[in-house]
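Enquirer: Construct the complete structure from the given sequences, taking the supplied hints into account.
Number of protein chains: 2
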Amino acid sequence: MKAVIIGSGNVATNLARALTAAGVEIIQVYSHTLGNAAALAGTIGAKATDKLDDIVTGADFYIISVKDDAIANVVESIPDNGALWVHTSGSTPIDVFHGRRKHFGVFYPMQSFSKQIETDFADVPFFIEADSDDTEHAITSVARMLSRRVFKATSEQRRRLHIAAVFACNFANHLWTIAGDVLQEAGLPFDVMLPLIRTTVDKLNRLTPAESQTGPAMRRDSKIMQSHIDMLDDGKKLIYTILSDDIMKRHEQD
Amino acid sequence: MKAVIIGSGNVATNLARALTAAGVEIIQVYSHTLGNAAALAGTIGAKATDKLDDIVTGADFYIISVKDDAIANVVESIPDNGALWVHTSGSTPIDVFHGRRKHFGVFYPMQSFSKQIETDFADVPFFIEADSDDTEHAITSVARMLSRRVFKATSEQRRRLHIAAVFACNFANHLWTIAGDVLQEAGLPFDVMLPLIRTTVDKLNRLTPAESQTGPAMRRDSKIMQSHIDMLDDGKKLIYTILSDDIMKRHEQD
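Protein sequences, first through last, are from chains A and B. Using the working numbering, you'd call the opening residue of the first sequence number 2 and step up by one each time. Using the working numbering, you'd call the opening residue of the second sequence number 2 and step up by one each time.
It cannot be assumed that every hint is accurate.
One copy or two, it doesn't matter: identical chains are merged, so the pair holds either way.
[What the hints assert, rightly or not] Computed list of lysine-lysine pairs in BS3-like fashion (alpha-carbon distance at most 25 Å, straight line): (1) 250 <-> 237; (2) 250 <-> 238; (3) 68 <-> 224; (4) 116 <-> 250; (5) 48 <-> 238; (6) 250 <-> 224; (7) 68 <-> 204; (8) 204 <-> 116; (9) 103 <-> 68; (10) 3 <-> 103; (11) 68 <-> 3; (12) 48 <-> 68; (13) 116 <-> 52; (14) 52 <-> 3; (15) 3 <-> 237; (16) 238 <-> 224; (17) 103 <-> 52.
The hints are simulated quantities; they were obtained by calculation from the structure and are not laboratory data. Computed from a predicted model, the values in this text were never measured in an experiment.
Expert: Here it is as structure tokens:
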């Protein structure tokens, strides 16, 4: 199978390297900055270009891995060649291809990538959407070359995935910022909290988060909760109260 | 050094085993359930008792590792023998010993323990408080036998540590429950989120949580935030809004 990667960012770089290692021949890398295209292309034996007009037409699989707001422009700027075209975005609906490609789909690896750290794709969940069963089958086969965890997901499901990731990662990370502020007030470094955070995450290998919930709200220990609230500033007080109330409500039936 | 462990729960069990491995001779284990005392004592070559009156007086170091609301009773029920007495609680002030012991302190390992899984103490932070510099030095020496990370912390600092842990672990875990609910609505299992959660935690090895914050609120992407809020029920809407607002406020200056 011959593939072309359009993009040279974190996702494109990790995908291109992993696909090459899995035996896919990547023949070309596009980036609007030639140096970036060349940097990636050089590591995988591909050619580099910074011109959408120069993208080769003879590949089987075209992977558009550029910023969300640039995907439509890429699709519109390159004429269809009848090959299979995918984008790798969690947020862009499959509609972006409608009327502009014959065979198309979404090939979304849900992970946070960086060029500096090589991602092991084996456990990265891929979410696949396609224009037809045949295309779905073809995209799924490629995903299975990289990962054990390949799911079908509609654009609507991907939107919910994104919301879930905001709660699970963006918001959880912000709570760690708040914890760091509280520790700083106590003259302690944030990293004293890391072993406990890691253990909390490790528990998710064996239990659902609802099953492993602990703490004053879970125990309905109103004396401790009040003593905590009394020590917090208004912003943290509000977050403490809302989350404690929600824990008590969610676990009412337990 | 000869030690006695009063308690046979998750903390007592892990501490007793780790101290034994580090060369401390634990001569006796107390539990109000003899079977539990014997189960732990048997693994470390100690004697077991279920009677506070039978606790031996000849040890150097007495570790009270029972539920918070039972600590005062243990201290009051056993007469002082002039040895060094500590409790292992994050929440109980050092005052519980005042007037009842000559040499005393707090020896608090901040981690979530379980009897089934042996804890590696090397990175577990210990927080030490003591009646005097000499006692502090003695307790710190014991903590250093187990861990590289030993801190002094007053009872007030431990209270703040607990608040920080509620945000960093209890509340973060609840956000994972919410994420699981959102995924379930989309027909997806919770564990698709685990690789992304692990990566979010791994970033904390290199960056502060404030530095590694990402997501729609961080980007001030109000279109995406509104589209998420529109898809959530009232309880989740409130949490989404409050946390997004707090992220925008916290990172105003960035």
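Enquirer: Now look at each hint and say whether the structure bears it out.
Expert: Taking the hints in turn, this is what the structure says about them:
| no. | hint | result |
| --- | --- | --- |
| 1 | 250 <-> 237 | both (20 Å within a copy, 12 Å between copies) |
| 2 | 250 <-> 238 | both (18 Å within a copy, 15 Å between copies) |
| 3 | 68 <-> 224 | between (49 Å within a copy, 16 Å between copies) |
| 4 | 116 <-> 250 | neither (42 Å within a copy, 30 Å between copies) |
| 5 | 48 <-> 238 | neither (56 Å within a copy, 48 Å between copies) |
| 6 | 250 <-> 224 | within (18 Å within a copy, 30 Å between copies) |
| 7 | 68 <-> 204 | between (35 Å within a copy, 22 Å between copies) |
| 8 | 204 <-> 116 | between (29 Å within a copy, 14 Å between copies) |
| 9 | 103 <-> 68 | within (23 Å within a copy, 66 Å between copies) |
| 10 | 3 <-> 103 | within (18 Å within a copy, 78 Å between copies) |
| 11 | 68 <-> 3 | within (23 Å within a copy, 64 Å between copies) |
| 12 | 48 <-> 68 | within (21 Å within a copy, 66 Å between copies) |
| 13 | 116 <-> 52 | within (23 Å within a copy, 61 Å between copies) |
| 14 | 52 <-> 3 | within (19 Å within a copy, 76 Å between copies) |
| 15 | 3 <-> 237 | neither (53 Å within a copy, 45 Å between copies) |
| 16 | 238 <-> 224 | within (15 Å within a copy, 28 Å between copies) |
| 17 | 103 <-> 52 | within (23 Å within a copy, 80 Å between copies) |
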